[in-house]
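Visitor: Each chain is listed here by its residues.
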Amino acid sequence: MLEQLLIFTRGGLILWTCKELGNALKGSPIDTLIRSCLLEERSGAASYNYDAPGASYTLKWTFHNELGLVFVAVYQRILHLLYVDDLLALVRREFSEIYDPKRTVYNDFDETFRQLRMEAEARAEELKKSKQMVKPVNNSKKQGQAQKAGFDKGNKKREGSSAGGGGDENDEGKGRKLENGHSNGNIFEIDEPRMTAAVNGKENTSSNFSAFDVSKLQKRTKGGKKTDTVVNKGSKVDPKKKVTKKNRVWDDAPPETKLDFTDPVDGNGNENIEVVPASQGESMMDVEEIISSDSEGEEDDNVQKDSKPEATKKGWFSSMFQSIAGKANLEKGDLEPALKALKDRLMTKNVAEEIAEKLCESVAASLEGKKLASFTRVSSTVQAAMEEALVRILTPRRSIDILRDVHAAKEQRKPYVVVFVGVNGVGKSTNLAKVAYWLLQHNVSVMMAACDTFRSGAVEQLRTHARRLQIPIFEKGYEKDPAIVAKEAIQEATRNGSDVVLVDTAGRMQDNEPLMRALSKLIYLNNPDLVLFVGEALVGNDAVDQLSKFNQKLADLSTSSTPRLIDGILLTKFDTIDDKVGAALSMVYISGAPVMFVGCGQSYTDLKKLNVKSIVKTLLK
Amino acid sequence: MEGMEQWKDQLEQLKIQLEPWKIQLEQWLHQAIEYLDQIPPIQLYAAIAVLFISTLLLFSIRLFKRTKSNTIVLTGLSGSGKTVLFYVLRDGSSHQGTVTSMEPNEGTFVLNSESNKKGKIKSVHLVDVPGHSRLRPKLDEFLPQAAGIVFVVDAVEFLPSCPSVSEYLYDILTKASVVKKKIPVLICCNKSDKVTAHTKEFIRKQIEKEIEKLRASRSAISAADISNDFTLGVSGEVFSFTQCRNAVTVADASGLKGEVAQVEQFIREHVKP
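These protein sequence lines are chains A and P, in that order.
Remember, the working numbering sits 576 above the position in the first sequence when you count from 1.
Remember, the working numbering sits 488 above the position in the second sequence when you count from 1.
Bear in mind the hints are in silico, worked out from the structure with no lab data behind them.
Incorrect hints may appear among the rest.
As the list claims (entries may be wrong) - Below, simulated PhoX-like cross-link-like pairs (lysine-lysine); rule was C-alpha separation at most 25 Å, straight line: (1) A:986 - P:701; (2) A:636 - A:946; (3) A:1185 - P:626; (4) P:701 - A:1185; (5) A:1197 - P:626; (6) A:1189 - P:626; (7) A:990 - P:697; (8) P:626 - A:678; (9) P:701 - A:990; (10) P:626 - A:986; (11) A:678 - P:697.
All of these numbers come straight from a predicted model, not from anything done at the bench.
Let the hints inform the model, and build the full structure from the sequences given.
Guide: Shown next as structure tokens:
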């Protein structure tokens, strides 16, 4: 059941909500969606899952970029609603027609929405039924009802009466609506579409029956591997299939002919490949896939047909005219070349591929349907949008003012504990010493804790740094549990009044389970104020893997319910990479944690703060 | 030397070629002067005067516009109620509620409460800048033209958010564009209709305390990298808003209940009707 559907502006004003759905949402899924998904340049994703105490929702959204509108649908995660994408597209189309920036109340949209919803539900129902056409037509109606009953949990009675028939339904529906409030309002609506769906189903059977029937037979003999492509194919494929079907039935499926059947299907190209994996899954998923691929396919075809001849026929004059007048609306096809070039450029700057891809998707989602301003090219528009997105990502979400936090901890008479984690050889100890030096300069008393009890020479290395900086070091030699060493170090710091404890840990690969478990224990036991991930700027695609696995392991292996994750990033070896600054972007995007320090040299003074503007400039250069 | 002479020859030739043009030009000049003589001198002076006055007028309009900005910027942390306040000031109601803003809301309008008044009222250009920390750079676009800043604080959830509120306010108060132009700031304690809301005096004191701490840590950090353009307050004294070069005042408001009189008063003080 759809929980809520909202239409709001990018400025944040809710224009329309579905009042008959008026269920109070638990928590604030919409705000969370905006904050942690749409504003984090993840709007290219298909859906977002929201968990709150007592509720788990799935949210789907779509944009109307030209008008600056956002459409969000919320539904319970356990229900796989098939029609949500469809419904959102319909609502977007209808609403954009009546939208007026000066208007803020759209009560008359209620009626339109009710119709749209019926339409979408009916279509979903129809598709579901078409799956079951193999069985006698009489059964299909009952089946549809049975499935409906699954949807409207606990309302079976209502279903029964609706099967009874015509006039009474409506009255009863209204009565129930009054009695039970929101939930029945929905059922009342559903009655009609189901009826129409049933009728449609009957009508369709005459034309579709043979095709579906055959596909089902195929399914039976093949064991359900290649099905339903029929639904997706046009008339061109059908005849072929019919032939193959006949053969099958009559031949009793010998293995050689089976190969024959698969060949033509494979010959049809990509579309098959798309559909086949979907059809192996649950049937509902199957239907959804077909709807979306169908409609999108058509749209895409149209776009290509429209745009290609235009480009070739009209030539430079039209393109110049377009650039002066401003192009009507940006389509996906227009954006693609520019986005691809941008993605390649990001990747040459050492941004992980996965992240470049996601960013481009998000930028595309934010530009699609927008008007191109006069005297601009698509590429420059895309670049401007990307720049904005990059600035947004790299701007820290939390305060990176460590000194203030140190002072706050000092007031509470507690040492401020920083744990340095990371893979081997990225420079944890070296940069720990740099941070210590920086803190010392600001009159903060620092203590080091040598919790790398694993690699030989680690304690000695740290001791050398401590001696040069003339700060105390807490060490217990090797072969000790690092978690215990850290705990004792913090106790020691409390005793001698140190403000900051810098905890050095052993480097570990993100896949090394025992070591990750030890790290998780160390963090859980000591509850540090800051978990600093040390990563080298040289890293490329592996940055994503390192950070996401570190975070994942810290979350999984933690025994507490609210696990500590990585709070900040220290980027090392920044002086060695010239303009390949992509690792900074990859790391920040994947973890959401800000880059707190940048290590850029060999001496103690070579510690900087990240300059967001220059990074963005370098990335897009 | 030969090259030099060649060059001279070319120059001579060019001069000869240009000769007819020269004569033509002189003729035209004579014609123009004759034409001018025919025109009565008063008309001539009038034309010059009109030209002069119109350019002067254009310049003065630009200058006037620049000095008398009517932009008021609404800012504050995410979830403090800026967008609600924006729509209450514009339309008198928050409509069906709001969600987190992704883009600034802008509008030039006559305040809703004054829309019934007769006579000419100068409209206000109100900008509601999103509070989400990722969108903070947007604020810099609007600050240079601001006539006043309304810093919205959530009075109910104040204590947990106090450090971040103070930090954001500190950043705004130390921006060069704010300090140099002495843009007045109103700290608007929103949601004051709730029972658990803190009083504006309490909030002011807490923020002052927090900024005092920030002063210590920020002055230390500025040497490293974060560059706040100015430091706040007088060194050696406990910080209070009276030490700021720009006026900082505190007010109560309730966006949802429509009690925004103090904010309107602030706006009218700085955007004269």
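Visitor: Would you mind marking each hint as holding or not holding in the structure?
Guide: Hint check:
This hinted pair checks out: residue 986 (chain A) and residue 701 (chain P) have alpha carbons roughly 12 Å apart, not beyond 25 Å. A threshold of 25 Å between alpha carbons decides the hint, and for residue 636 (chain A) with residue 946 (chain A) the separation of about 21 Å falls inside it, so the pair holds. For the given pair, residue 1185 (chain A) sits about 21 Å from residue 626 (chain P) by alpha-carbon distance, which is consistent with the 25 Å threshold. The suggested pairing of residue 701 (chain P) with residue 1185 (chain A) holds, with an alpha-carbon distance near 21 Å, which does not exceed 25 Å.
Restraint check for residue 1197 (chain A) and residue 626 (chain P): satisfied, since their Cα atoms lie roughly 22 Å apart, inside the 25 Å limit. For the given pair, residue 1189 (chain A) sits about 14 Å from residue 626 (chain P) by alpha-carbon distance, which is consistent with the 25 Å threshold. Annotation: proposed proximity of residue 990 (chain A) to residue 697 (chain P) holds, straight-line Cα distance about 20 Å (limit 25 Å). Of the supplied pair hints, the one linking residue 626 (chain P) and residue 678 (chain A) holds, its CA atoms being roughly 24 Å apart against a limit of 25 Å.
A threshold of 25 Å between alpha carbons decides the hint, and for residue 701 (chain P) with residue 990 (chain A) the separation of about 17 Å falls inside it, so the pair holds. Restraint check for residue 626 (chain P) and residue 986 (chain A): not satisfied, since their Cα atoms lie roughly 34 Å apart, outside the 25 Å limit. Of the supplied pair hints, the one linking residue 678 (chain A) and residue 697 (chain P) is violated, its CA atoms being roughly 43 Å apart against a limit of 25 Å.
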